[in-house]
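For the record, the sequence lines run as chains C and U. So for the first sequence, my numbering puts the first residue at 1; every next one is plus one. So for the second sequence, my numbering puts the first residue at 236; every next one is plus one.
Simulated from the structure, these hints should not be mistaken for laboratory data. Bear in mind that the values here come from a model prediction, so they are computed numbers and not experimental data. Backbone N, C-alpha and C fix where the C-beta goes; we use that ideal spot for every residue, glycine too. Just to be clear, a hint being listed does not mean it is correct.
Partial list, computed: chain U residues near chain C (C-beta under 8 Å) [to be verified]:
1) G384
2) A432
3) N439
4) L441
5) I448
6) D449
7) I450
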Amino acid sequence: MPEPTLKIHGLNAHYGDFQALYGVDMQVSQGEVLAIIGANGAGKTTLMRSITGLLSNGRGQVEYRGEDISGLRADQVATRGLAMVPEGRQLFPSLSVRENLMIGAQVGRKGPWNLKAVYDLFPILEQRKDQASTSLSGGQQQMVAIGRALMANPDLILFDEISLGLAPIIIKDIYDALPGIIGEGMSAIIVEQDISKALSVSSRVYCLQEGRVSLEGDANTVSRDDISRAYFGIE
Amino acid sequence: MNIQDYTVTRTSNAIRVAAILGFIVLVALIAAPYWAGRADLRLMGELFLYLALASLWNLMAGYAGLVSVGQQAFVGFGGYMLFALTMFAGLHPIPAIGTAGLLGALISVPVAFLIFRLRGAYFAIGTWVIAEVFRLSFAQISSLGGGSGSSLPIAIVKSLAGSRGARESLSYWLALGAAVLVVTSVYVFLRSRKGLALTAIRDNELAAGSLGIDIWRTKFVVYVVTSALTAMIGALIFLQKLRISPDAAFSVNDWTAFVIFIVVIGGIGTIEGPIIGTLVFFALRETLADLGTIYLLVLGVVAIVVMLKFPKGVWGFIRQRFDLQIFPLAYRVARRDNKGA
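Take the sequences, apply the hints, and build the full model.
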């Protein structure tokens, strides 16, 4: 088994006195697509925020390519090749589509992704490139958010609830585009409430429940019963 | 109506007209010492210095989100440095202004480390406290006149230029140059990659951070550069006044309250805002200043009305209503030239 790209070991996360994650262990290998599922409040977004440095962690809890990144700031994590498509898209309303994408390239990493590659993936964005980013439809905004993360040429990309608030047909379009994004050795973590969508594109799945990993398994073999038990916590 | 009839552009006719008009106005202003009276020259010089202060405050508060009410710290610091450098180090006033800027940048570094630990309202209060510390410290320096201040020696004033007329022209040109320098640098900065990052931070700090923008450093750079330029403007202000005292140099009213008024009235977070605001402020001041206290009451009423009716300021209102911008930062959709019609 190859050395994991991302290794999470005994991760605890707190918001003040409230503890959101309890000793989470998780690994992502190079080129692997991981799905993280769980109900509202299970700690999925907290986990994303811990990995990307938006929340600070205890020493040695998050390791990326053999380096301890637990204590780094978000921008320092980003320069090491982790990019996130955040929940709710979080575009910059004063900037145009093209400027939003260019912000993603701020980290200055080399790789296959540039403006042209993003426009090839989502041709509609080229037509809309000079529009204010928030004047786009929800699905197009999500494309901008994905393109913006890709512009950083990450080794590991995190998708946080990319189907949230979008029409099913748009979700299908975006998920159809995913194989073209991942591949070429990029690893991905997909956080979803939509279990079947998440399982369809991933190879391994983790289920979170109240801040703990309640299930870990192969996305193709894990049974529906196991999932509903892990998801809802009922026997 | 066809989509091909439209194009997206940064420029517009308004911008081209404004650029030409702006150039003509600038030439006229440069020539002002040959056509304007002494009092007008002085007034315009003061106007330009206020414009520069307002543009700098706008960059800091409107773009970087650093709402400081203590910029008088750097105005006063720059003024005092001009006096100290010319009187004790024997520098010519003009290089002394540049050196005051450098020293302003230098002193702003430890100040930034201190006050960047504070957020929001606490940051604002913190900057004010720093300014008071500056004022009290300079009041202790007896060689600079202590609490009662000092005047610039005549020999230094005369080293600027021989005749009084030439001195007044020079100080006018310095003020005009400072305003042009500040407005242009703010514009160029915002059009650059760093400016893009700054706008991204203002829009969404969380997303900006996770995209690899170093928020702390970006804000730090803005703070240091703004402080340096504010110190240079401060040196220019007191070169015009020729006399400095701690209360005048570190006046929160003169160098921060009026500046905030200008930016808020004109439109915060726009380059045009401070220009409009400065014109409004001086128009009010020149027409109402004879009324004493009533003048301040009117200023207050204007501020309240503008904040309630046009929360984005005069320029924000104009831009929304007429889709107009003079300094092209944003893109807009424009109709292609009609064939024939």
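Checked hints:
| no. | hint | result |
| --- | --- | --- |
| 1 | G384 | violated (44 Å) |
| 2 | A432 | holds (6 Å) |
| 3 | N439 | holds (5 Å) |
| 4 | L441 | holds (7 Å) |
| 5 | I448 | holds (6 Å) |
| 6 | D449 | holds (5 Å) |
| 7 | I450 | holds (7 Å) |
In this structure, only the earlier hint numbered 1 is contradicted, and the remaining ones agree with it.
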